[in-house]
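Protein chains: 2
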Amino acid sequence: MGKVRVTKNLSILLLLVCSLALNVLFILKRVRVFDDESSSSDELSWSRRPAREAERVAAISCSGHGRAFIDSSLVVDEEEEEEGPVCECNSCYAGSHCQNFLPSCPVNAKSGDPLFLEPFWMENAESSAMMVAGWHRMSYTFKDSGYMSKQLKARLRQMHAIVGNAVTEGRYIIFGSGSTQLINAAVHALSSHNSYSPSLVVPRIPYYSLYKQQTEFFQEVEYKFEDDASLWMNDSATNNLIEIVTSPNNPDGQLNHARLQHPNDKAIYDRFYYWSHFTAISSPADDDIMLFSLSKFIGHAGTRFGWAVVKDETVFTRMSRYLTLNTVGVSHESQLRALRLMKVIIQGKEEETMFDFGYKTMRNRWEKLNDIVSISKRFSLQNIEFQYCNFFHKIRAPSPAFAWLKCLRKEEKDCHAVLAAANIMGCRGSTYGAEDKFVRLSLVGTQDDFDHLLHQVKILISEEKPNRFDSDHIPCDLFSFL
Amino acid sequence: MGKVRVTKNLSILLLLVCSLALNVLFILKRVRVFDDESSSSDELSWSRRPAREAERVAAISCSGHGRAFIDSSLVVDEEEEEEGPVCECNSCYAGSHCQNFLPSCPVNAKSGDPLFLEPFWMENAESSAMMVAGWHRMSYTFKDSGYMSKQLKARLRQMHAIVGNAVTEGRYIIFGSGSTQLINAAVHALSSHNSYSPSLVVPRIPYYSLYKQQTEFFQEVEYKFEDDASLWMNDSATNNLIEIVTSPNNPDGQLNHARLQHPNDKAIYDRFYYWSHFTAISSPADDDIMLFSLSKFIGHAGTRFGWAVVKDETVFTRMSRYLTLNTVGVSHESQLRALRLMKVIIQGKEEETMFDFGYKTMRNRWEKLNDIVSISKRFSLQNIEFQYCNFFHKIRAPSPAFAWLKCLRKEEKDCHAVLAAANIMGCRGSTYGAEDKFVRLSLVGTQDDFDHLLHQVKILISEEKPNRFDSDHIPCDLFSFL
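Chains H and B, in that order, give the protein sequences. Each residue of the first sequence is one higher than the one before, starting from 1040 at the first, in our numbering. Each residue of the second sequence is one higher than the one before, starting from 1040 at the first, in our numbering.
Next comes chain H alone, as it looks inside the complex (with noise of 0.2 angstroms):
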């Protein structure tokens, strides 16, 4: 009986102190004398809010077809902060969470807005993510390094020689917001400065509309816009030109070189697509002046965030001294925003990286679009090769950013209404000084748009019909009796 006693009594003095060890341990944990992964979030401590509210807004289902920005419940008053951030839609979708598809609505297949990657940074939400302290770099500039992030400079620099699309060794680089405002600086930085004799601003058709009103905009006492650069190839006597390559090209994908060869014509060459996503990458490119955007290059049109790779001081010089007068600048949130991306990309942990993620999506909306308009007698896409990569290090399929489709019927002139009676919105011919028997559709856009135009499509070239007035089948003298 007295065993027994002690026995019990020695088990609930052991109970006690296996008891009174796992309170110390606890009390331990509790004032962080262990750090494990879980119990440092706790320290966390004027970060918490923001990331909290980060963490919300992200969390609210849009059904896969729209997504909340942190940005619609940023409110002041309460009526207001009561409704909190809500659901912005994808084209054609509505609805409080983006549930309802409105099947009447026209196709957008005009707008060159690249959310084609937007799913790629959700799938890498902690890594793309950034944190801004109310007091972040609140200077006009950037200690030692005047507007630009050298820090961003050497990540550019980095970014070039892993994708092997332009040299950058021994060149100077230049930010600007967007590359909207490069095209106007270095414009102004090649032109003549003599306003009796004014640089001729000339592109190659089809070209990129923004050029051209731009250029007509800012017309400067230095230089005019010219339609065609081809107009221009044997006139010696004209110095002052400015060749505008868009290389790929906007709208067609072509890998366009400079026309102009006199010693004294100048290029730019806009490098926006010139990235694995759109192209085969054959050498690094090594041209004077070559531009680069965020917005086509990982999607990030908002930032408006572009840089300018220059070979020639003065030119670098000029265009500085533009951004300084212009803007001051790039805004420094953009610059950081531009930055955290990099990393991300450049270190490309990820199961797929953004490169893979951007080639595949391209290539397989250009197959599926190419498949169904290859049937087609109605209309036609440009020809793209396939190509080997020296990125890839593979031969890869054609993926380009626009298709540049034509209709083939002799009276179907505006090829824009053609579609536009089927319900599908692209952007005129005329628009790049290009006929209208050609439209360009947008292939940048999210899968809802993509999904959208191939469906219409689709039925278009299925109800197909061979056309009773089909010009093709008439002999030219034959017309002459009608």
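Warning: the hint list may mix true and false statements.
[Unchecked claim] Dumping the calculated DSSO-like pairs for lysine-lysine here, alpha-carbon to alpha-carbon at most 30 angstroms:
1) B:1149 - H:1189
2) B:1182 - H:1382
3) H:1399 - H:1449
4) H:1407 - B:1182
5) B:1182 - H:1497
6) B:1263 - H:1149
7) H:1192 - B:1149
8) H:1182 - B:1263
9) B:1047 - H:1047
10) H:1182 - B:1251
11) B:1263 - H:1263
12) H:1452 - H:1504
13) H:1251 - B:1263
14) H:1149 - B:1382
15) H:1416 - H:1449
16) H:1407 - H:1263
17) B:1182 - H:1182
18) H:1182 - B:1399
19) B:1149 - H:1251
20) H:1251 - B:1182
21) H:1182 - B:1189
22) B:1251 - H:1263
23) B:1047 - H:1182
24) H:1399 - B:1182
25) H:1149 - B:1182
26) B:1476 - B:1149
[As the list claims (entries may be wrong)] Simulated restraints, written as ranges between beta carbons of each label pair:
27) H:1082 - B:1461: 43 to 51 angstroms
28) H:1082 - B:1161: 15 to 23 angstroms
29) H:1162 - B:1322: 49 to 57 angstroms
30) B:1134 - H:1095: 58 to 66 angstroms
In case anyone wonders, no lab produced these hints; they're calculated from the structure. All residues carry an ideal CB built from backbone N, CA and C; glycine is no exception.
Starting from the known structure of chain H, arrange chain B on it as the hints suggest.
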């Protein structure tokens, strides 16, 4: 004896029960049955890494004479990563933690960097920080509101209503990449669009030097720069005059009004300094075109964000077109930041609002500088009156952004050189179209900058001796015999 044992057993049992209960409590807390402030931070997922990173950088000590920024830590290769973020020191401070003052270093009184507000934002870290998701607003545009955030527009109107410094009801608001771009846009929008009779852009002396540089640099077909509005006051032959009115003025803080009165004359009001930090708010400004900037208002110069308040629809449309073709709107990150910071100011639940902090800081600086300079016979400062302020509801002391210092001795024509010899670097009067007897000294920099300035001015004035050749005491005719 038996009683003692029973009591002992009872207390052991009681201890055991308590200990077990405590353990149960700890366990329940760990599995989040209770949801208190500290445990719920464990809910953070993708935002935890960037939040931690930001706090780690913010915790780096720079001895109160500098700060570390997150983008110096966003580095890639191994060597640099080990180094981590570093302190960026205020002018004249050095060392890995900015611990060393460099006494012979020249005073930085040139820069208009509005760092006087940095301590306020550091103090309000939680409310002013923002987390930006990797997929935040990748589009060129906002849903249904073009390049501009509707939310931000609403907050700006609300802010003007609170401060009472501008009428915005029924007015257009337009965003720019800093006010610098808005000046260009406004000049472009108002110019005659007639190259045979270009508009003339005329400020009033002393004027902010950027106006001249900008207008001359971007000299379009339609406008050119002329130096002084007063020269044109009676010139009725010239009808295309655009007057730039800075009010309060940079450099001298005066509340200027347009001088040109012809009905065809147009005015652009630069209202960058019309905030209660710098001047009394007498009534809401209601000019045709008013420009504001984040920089001088809340101190975020690097964000490159400004806005214009415009009465006329045509002017608004022309300015919008300029901004679209120039930079395709304003960085979404800048807009997000502006919105976040506006919210902090509008809610103003802090013990000390930004308005209190801004005014007190600037008033104290002016008071101290003025006290010293007022005993000098060699230097003077501009005169600024005490005035009733409708925002603070009281008479307020002067608190200008810049000191417009004058060298009084006739032979000291180069006041900049006089100050430079005392290790004080300001901006010479001729930069502002004025005489070089004037120098602009910036008062908006860091507290270190100001303290250093005050110290050097004190020395300069304490060493002041009556000048042997003080020409003020020599009658004019005496000179002829010398």
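query: Is the hinted range of 49 to 57 angstroms satisfied by the C-beta distance from residue 1162 (chain H) to residue 1322 (chain B)?
result: holds (54 angstroms)
- prompt: Straight-line Cα separation of residue 1263 (chain B) and residue 1149 (chain H) no greater than 30 angstroms?
  reply: violated (39 angstroms)
message: Hint check: residue 1149 (chain H) vs residue 1182 (chain B), CA-CA at most 30 angstroms. Holds or violated?
response: Roughly 16 angstroms separates the two Cα atoms, so the pair holds.
Residue 1134 (chain B) paired with residue 1095 (chain H), Cβ distance criterion 58 to 66 angstroms: Check failed, 42 angstroms falls outside 58 to 66 angstroms.
task: For the pair we were handed, residue 1149 (chain H) and residue 1382 (chain B), check the Cα-Cα distance against 30 angstroms.
output: Status violated; Cα separation ~36 angstroms.
- prompt: Is residue 1182 (chain B) close enough to residue 1497 (chain H), meaning Cα to Cα at most 30 angstroms?
  reply: Within the cut-off at roughly 29 angstroms; holds.
message: So if I understand the rule, the pair passes when the alpha-carbon distance is 30 angstroms or less; does residue 1192 (chain H) with residue 1149 (chain B) pass?
response: holds (27 angstroms)
query: Do the alpha carbons of residue 1149 (chain B) and residue 1251 (chain H) lie within 30 angstroms of each other, as the hint requires?
result: violated (41 angstroms)
Pair hint outcome, residue 1407 (chain H) versus residue 1182 (chain B) [Cα-Cα no greater than 30 angstroms]: Holds, because 29 angstroms separates the two Cα atoms, which is no more than 30 angstroms.
query: Taken at face value, is the distance from the CA of residue 1182 (chain B) to the CA of residue 1399 (chain H) at most 30 angstroms?
result: Satisfied, since the Cα-Cα distance of roughly 28 angstroms is no more than 30 angstroms.
task: Given the hint that residue 1047 (chain B) pairs with residue 1182 (chain H), test it: the Cα-Cα distance must not exceed 30 angstroms.
output: The hint is violated at about 71 angstroms.
query: Can the restraint linking residue 1251 (chain H) and residue 1182 (chain B) be considered satisfied, given a maximum Cα separation of 30 angstroms?
result: Given that 30 angstroms is the threshold and the Cα spacing comes to 27 angstroms, the pair holds.
Of the numbered hints listed earlier, those contradicted by the structure are 3, 6, 8, 14, 16, 17, 19, 21, 23 and 30.
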